[in-house]
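There are 2 protein chains.
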Amino acid sequence: MVELEPMEHSRLLDETESLNSNHYQSTFNDPDDDDELLDISDGKSRHSKRGIIDLTQGSSLVDTFEPLAPGINDKYEDFYTIDWLHDKNRYMQRQKKIRNKRKQSCWARFCASIDDGSGWLVVLLVGIAAGSCAGIIDIGTGWMSDLKNGVCRKAFWLNTEQCCWATNNTGFGEIDCPQWYTWAEILGIQEQGTVAFLINYLFFVILAVTMALMAVMLVRVFAPYACGSGIPEIKTILSGFIIRGYLGKWTLIIKSMTMMLAVAAGLSLGKEGPLVHVACCCGNIFSYMFPKYGNNEAKKREVLSAASAAGVSVAFGAPIGGVLFSLEEVSYYFPLKTLWRSFFCALVAAFVLRAINPFSTDHLVMFYIDYDNPWFVWELFPFILLGIFGGLYGAFFNYFNLKWCRYRKTSSLGNYAITEVIVLTLITAVVSFLNPYTKQNTSELIAKLFQNCGPEDEFNLCDYQRNITDTDETNWPGATAGHGIYHAMWQLSLALLFKSIITVFTFGIKVPAGLFIPSMAVGAIVGRIMGIGIEQLAVNKPGWTFFDSCKPNEPCIMPGLYAMVGAAATLGGVTRMTVSLVVIMFELTGGLEYIVPLMVAVMISKWVGDALVHEGIYDGHIKLNGYPFLDSKKEFIYTTLAADVMRPRRSDPPLSSLTQESMSVEEIENIITETTYNSYPVIVSAESQRLVGLVYRRDLTRAIATARENEEGVVSQSKVYFSHHLPRYAPPGTPAPLKLVNIIDACPFQITDQTPMSTVVEMFRKLGLRLCLVTHNGRVLGVITKKDVLRHIAEMDQQDPGSILFH
Amino acid sequence: MVELEPMEHSRLLDETESLNSNHYQSTFNDPDDDDELLDISDGKSRHSKRGIIDLTQGSSLVDTFEPLAPGINDKYEDFYTIDWLHDKNRYMQRQKKIRNKRKQSCWARFCASIDDGSGWLVVLLVGIAAGSCAGIIDIGTGWMSDLKNGVCRKAFWLNTEQCCWATNNTGFGEIDCPQWYTWAEILGIQEQGTVAFLINYLFFVILAVTMALMAVMLVRVFAPYACGSGIPEIKTILSGFIIRGYLGKWTLIIKSMTMMLAVAAGLSLGKEGPLVHVACCCGNIFSYMFPKYGNNEAKKREVLSAASAAGVSVAFGAPIGGVLFSLEEVSYYFPLKTLWRSFFCALVAAFVLRAINPFSTDHLVMFYIDYDNPWFVWELFPFILLGIFGGLYGAFFNYFNLKWCRYRKTSSLGNYAITEVIVLTLITAVVSFLNPYTKQNTSELIAKLFQNCGPEDEFNLCDYQRNITDTDETNWPGATAGHGIYHAMWQLSLALLFKSIITVFTFGIKVPAGLFIPSMAVGAIVGRIMGIGIEQLAVNKPGWTFFDSCKPNEPCIMPGLYAMVGAAATLGGVTRMTVSLVVIMFELTGGLEYIVPLMVAVMISKWVGDALVHEGIYDGHIKLNGYPFLDSKKEFIYTTLAADVMRPRRSDPPLSSLTQESMSVEEIENIITETTYNSYPVIVSAESQRLVGLVYRRDLTRAIATARENEEGVVSQSKVYFSHHLPRYAPPGTPAPLKLVNIIDACPFQITDQTPMSTVVEMFRKLGLRLCLVTHNGRVLGVITKKDVLRHIAEMDQQDPGSILFH
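First to last, the protein sequences are chains A and B.
For the first sequence, my numbering gives the first residue as 1, with consecutive numbering after it.
For the second sequence, my numbering gives the first residue as 1, with consecutive numbering after it.
Here chain A stands alone, though its shape is the one from the complex:
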């Protein structure tokens, strides 16, 4: 009953084709996918290919427990929803076959053991691959980012930090190290005048635009799916949707390369989200090495869940946070076996990354903080304010970003993807060069903002009036701010303004773009400013009651903690992550100390955000793209019944069913031609309307065509039998009957028309159904597909039900 809707498909194709569909088609369409696509309405109609049967092989659907003949892959069409239960049953059959074989020989036993262990092996490989990719990307990004400023004289492949190792310069913007040559110096201009500044500025902008151009061209030519953060699509894929090539090797390679370019170009985007996509690509590629996962879409999703955990694990050095992220945000079907494997995968990835050591420090992450001084209860008030800001920012960002993306989608702007990227990079580079806090890498900025000032830090942000000789960096007491700090606060405010606006336009352009880092940067800046403000209050007004808890000559207010809380709040406001976000931030600090501030801020931020714009940015993009994602987090709160949702509606003509024993080939062919359903219920007789099973249009067409060709005597007048026993006495002269019992799905899901929709939604969610039949008093009345459910939810939520595009 899944109707074919050619219009929607062509809309989808427009989408992808606008990004070089020809190359994409040739690169990603599976070459051995020789399925004969049926030409019904638009010349490229796509059918649900249930695939449990392949008529040429004669295997039977009724006997679902017969192992499939080798080589029959249960492939789904692109942009279709998978059938979880069906895939699970196929997995059971496979396991049974292996169990039976195991007894036969030592070799089979060995193979079976390998197969048993393949679950662990694949996550091990995925972990290693994800860690390696992250390491390479981190190193490449660092080098390319610094290339905008100059080159290392010692060896051009070193980045600023490695080049200036001896000098150990931790300042902002200004690099003062003899080995590092700015572009002006390379061109022979030694003095630090206006000319040198302009030359450096020019090189900065030109290199940024060049990198962005390379990134967008690579994406356009080789892998259109490599753009964006990838998390909305991965959520959709994990919920049981097929997007061919989205997790392919080309996407992996191109995304890894363009990620470095896009970050190095200085665009306001991060590589944390795309790293999840890259890890999932690794997961997908490795799962093809093991037939247990490669040939079963439901099982493959277990590997992908683990891979997404590994992605976050390497992005933030937070394995537990990664697993919780996968569980909370990304995964749909998360059995407990997956939990353990995901954890393993995330840990392996984290340790591979540590072994690669891209930051040349002992720590896994850029944002490592090393203070653990206590905070005071009254500080919860500023933390709550930060939470409110986070929620407001999240709502602002989500609202305008989705507006802009919708505009991009519907207007002609979508045709100028390259121009858009170039213009955006140009603006970003021109503006950001002028402010040290926007000029430098955003993740380095965040790392700096998270730190508290030690006595050795001599840049603007730490320009305190020092009069103490304590050298213990982590226990450096607060002091009166110097001029540099006020200057830094102005610059930070400008950076904040610029970043908040430019990110709205950046997230969604056709290069890999994550929003973790830009969102965190906004929050970290606000938090730091607030932290410094309160710190100065505490220093200047030590008599105020709530500063009583501050002891003299001991650190009291930590601006770094405020930055961290602010970053968590804005990220929470944008993504609406909760536990995983708190745990990620907790793993950064490694202590229970700051969980409460983080939790309060994230909770407030989520509440404020939810009150203003109900959905997180990922869910917003899923809706924008019309993916069939049945959100398992949102409760279905309406009290409609299945009868209100099923098709045909009450006013429509009744369902076209096939009868078990009374229809002729011609009648069935007429039904197929006249209707656009994807499947037909088979009933005992037109009078009783009792359900026998379900038959798929595709199987039916094929079976009839094959029979007409190969079986003698099958003509238009032949009776079709969907039952095991043909009639014993055929009157003479009747044409040969056609037995099609093989193609019936004998166990479709059925519900009564009185079933509450909340129950139906639960069934679709938890069992991963694609469709179920609706009966009343045992008569088949109609059908509800996943799309109908999604549309109904959209209708009830007063959204456009037409936005659900795919099946």
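Bear in mind the hints are in silico, worked out from the structure with no lab data behind them.
One thing to keep in mind: the hints can contain errors.
For identical chains, the list gives no copy identity; a pair is met inside one copy or between any two copies.
No more than 30 Å apart at the CA atoms, straight line, and that leaves these computed lysine-lysine pairs for BS3-like [to be verified]:
hint: 1; residue 1: Lys634; residue 2: Lys96
hint: 2; residue 1: Lys96; residue 2: Lys633
hint: 3; residue 1: Lys101; residue 2: Lys634
hint: 4; residue 1: Lys103; residue 2: Lys634
hint: 5; residue 1: Lys633; residue 2: Lys101
hint: 6; residue 1: Lys633; residue 2: Lys337
hint: 7; residue 1: Lys633; residue 2: Lys97
hint: 8; residue 1: Lys103; residue 2: Lys409
hint: 9; residue 1: Lys623; residue 2: Lys96
hint: 10; residue 1: Lys96; residue 2: Lys154
hint: 11; residue 1: Lys633; residue 2: Lys103
hint: 12; residue 1: Lys633; residue 2: Lys766
hint: 13; residue 1: Lys739; residue 2: Lys719
hint: 14; residue 1: Lys337; residue 2: Lys403
hint: 15; residue 1: Lys634; residue 2: Lys337
hint: 16; residue 1: Lys97; residue 2: Lys634
Let chain A serve as the given structure and place chain B on it in line with the hints.
Structure of chain B alone, referenced to chain A:
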């Protein structure tokens, strides 16, 4: 169709009644539960009480969306399975009613907001309560444990540590502090001779036995459900089972008290598992304060999930580990909203506990460790050995403990619960007094074993030949062992032997008894011994290749880490926890450093354990008690069909169905009398067998009885109509018809007989069904209940299907 099986019920009753059923009945049976239990077969048959209708109130089942009349609680019978979907739908109705009311007045709006926030409020209260309980229990346990050894002279309510604060004595066993009086000293014997020893010994044993006797008497008299760890039952309850009073206030009070007594008595048991039970009691009690949770068993389970997270959180000071424990081990239905709330609850509990500060330290837990030196890759080999040991110990423990518990259950030993506890305490006390490592509190022993030796530690276990003056405790290099260490190792070995054996007999006695601590103690001892062994190897043979990484005068092998890994391995072997266990241990140390050793050991331990004894101790006890627990972790790997499982079986007489419009009152009454089913399908007619709905025996009996009494003209010959329209022309002389459409459940679950059982099991698990109807070609063939599914799984696993006792 849920058959009543009187035999099983009586077995159950025997179980509980052996523990003072009379008192229990009077204490825990809901006094206003005035349901008339139907007398069918055994005089106390229990019916599935669907309760959505109460005929006296005239509400209708067909219109499931009508709000229930106030005061009608949807109560389930004791020892029955709840219907998740039904409860969820009830919740939806409630929410709809509140939404509608909200528009009416400001007051309603306010109430609705309170109701909205009650989810957070209840977990806040539960967190505070769980933290407070844990604090009180910790303090009480500490004091009572020390009471066995003597009394504080300053103030009798202080424990040894508080009493001897100034002396700061950290040694084992021997207390040397002027304020602390041993029993011998109180009796006036000042010298440390044999007499003093014997008097102390005597007091130790007598006080231990007295405490154990008090504990078992309290449990027996006031709350039989307070015994054991409670985790198997909580798992079962969370999976949707009713055990009235299991989480009641009496259980809470008695369990908290007896937990202190049992631990203080020195029995080989822990309070970590029972703390989960106590936290769940708090959850249950507080959920009754909020009608949203108190009146809805499915919603209440969300609170209980959060409560169990809080329980582990306070037991180990590990909030994240607690949430993961709840998710991995305990919870059945864990929506993501619950994840966030559980985390909140766990954090609140942890911080309340920290505020109470029962250990008088800054740390949340007893097992806090403060070293973070690196480990070497070759050390994975001993860690793997520890993992293997953990698996072997787990298998040994589970096998013998379950054997012993089964023996206790089936033999007359079960009648001597008090004697058993006394004898066990006597043996434990007599033996453990002689060994300092068994004499002291097990959790203190573990804490000590987890620590590395610093230069200030002067007890046997740290008796190294010191020749360095480094005072940094955490960076104390290894040294040659002195005589004290060899002595300690002998004592530890004896303690190990004693603890491994006595715990097998202890877990399952009728006092609160957790096995986290005893299991960890066994592993920690083995780990420590192995760690000291390897440390001495490293000290004595520094030339060996793999000791190259050890630098002189720096710590190299950490025996404390080995103890920790060993403890994780044995606990993993016994409980088969994975992620949550690693995270709990990770939270103890607060660093990613030791995750890999812990993970390797836990993984190996689980594999070895699973290979020998397939199930964890909790699942073993669930099976032993015959609880209807449908394990969501175990895959159903068989390829049977619904037709193989449904009842009636092929050889049995067909299903007794009711027809929609053709049966008389008498005929229905005959069916009720002749069969023992709990529900009957209603079909259109005997010929078509098309399903209309399901009607529950209990409702049917009530409805007919009510009608016979109150409705005029209803006699045995009256026709019963399960349809909305009565016939228009009744021939004169026919008795008044009886319309019973109200009591039909119009949306029973139905599947076809060809549905694979793996799908059916998924449906039961994920949707929380109680029963579903089986059809073939639209005809009702039979029914599958949760019990049938459980029995089938037991059969397929070649276990005794008769062990499933409850519905």
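For each hint, the structure was consulted:
For a Cα distance limit of 30 Å, the shortest separation of Lys634 from Lys96 across copies, 16 Å, qualifies, whereas the shortest one inside one copy, 37 Å, does not. Taking the closest pair of Cα atoms, Lys96 and Lys633 come within 30 Å of each other only across two copies (19 Å); inside a single copy the shortest separation is 34 Å, beyond that limit. Within a single copy, Lys101 and Lys634 get their C-alpha atoms only as close as 44 Å, which misses the 30 Å cut-off; across copies the closest is 22 Å, which meets it. Taking the closest pair of Cα atoms, Lys103 and Lys634 come within 30 Å of each other only across two copies (23 Å); inside a single copy the shortest separation is 47 Å, beyond that limit.
When the C-alpha separation of Lys633 and Lys101 is checked against a cutoff of 30 Å, the pair qualifies only between copies, where the shortest distance is 25 Å, while the shortest distance within a copy is 42 Å. Proximity of Lys633 to Lys337 under the C-alpha cut-off of 30 Å is found in both arrangements, the shortest distances being 21 Å within a copy and 7 Å between copies. Taking the closest pair of Cα atoms, Lys633 and Lys97 come within 30 Å of each other only across two copies (22 Å); inside a single copy the shortest separation is 37 Å, beyond that limit. In this assembly of identical chains, Lys103 and Lys409 lie within 30 Å of each other by CA distance neither inside one copy nor across copies; the values are 58 Å within and 39 Å between.
Taking the closest pair of Cα atoms, Lys623 and Lys96 come within 30 Å of each other only across two copies (26 Å); inside a single copy the shortest separation is 40 Å, beyond that limit. In this homomeric assembly, Lys96 and Lys154 never come within 30 Å of each other (Cα to Cα): the closest approach is 62 Å inside a single copy and 71 Å across copies. With identical chains, the CA atoms of Lys633 and Lys103 are at most 30 Å apart between copies only, with a shortest distance of 26 Å across copies and 44 Å within one. Taking the closest pair of Cα atoms, Lys633 and Lys766 come within 30 Å of each other both inside a single copy (12 Å) and across two copies (15 Å).
Taking CA atoms no more than 30 Å apart as the test, Lys739 paired with Lys719 passes inside one copy only; the shortest distance there is 9 Å, against 44 Å between copies. In this assembly of identical chains, Lys337 and Lys403 lie within 30 Å of each other by CA distance solely across copies; the values are 28 Å between and 40 Å within a copy. In this homomeric assembly, Lys634 and Lys337 come within 30 Å of each other (Cα to Cα) both inside a single copy, at 25 Å, and across copies, at 9 Å. In this assembly of identical chains, Lys97 and Lys634 lie within 30 Å of each other by CA distance solely across copies; the values are 19 Å between and 39 Å within a copy.
Violated hints, listed in ascending order, are 8 and 10; each of the other numbered hints is respected by the structure.
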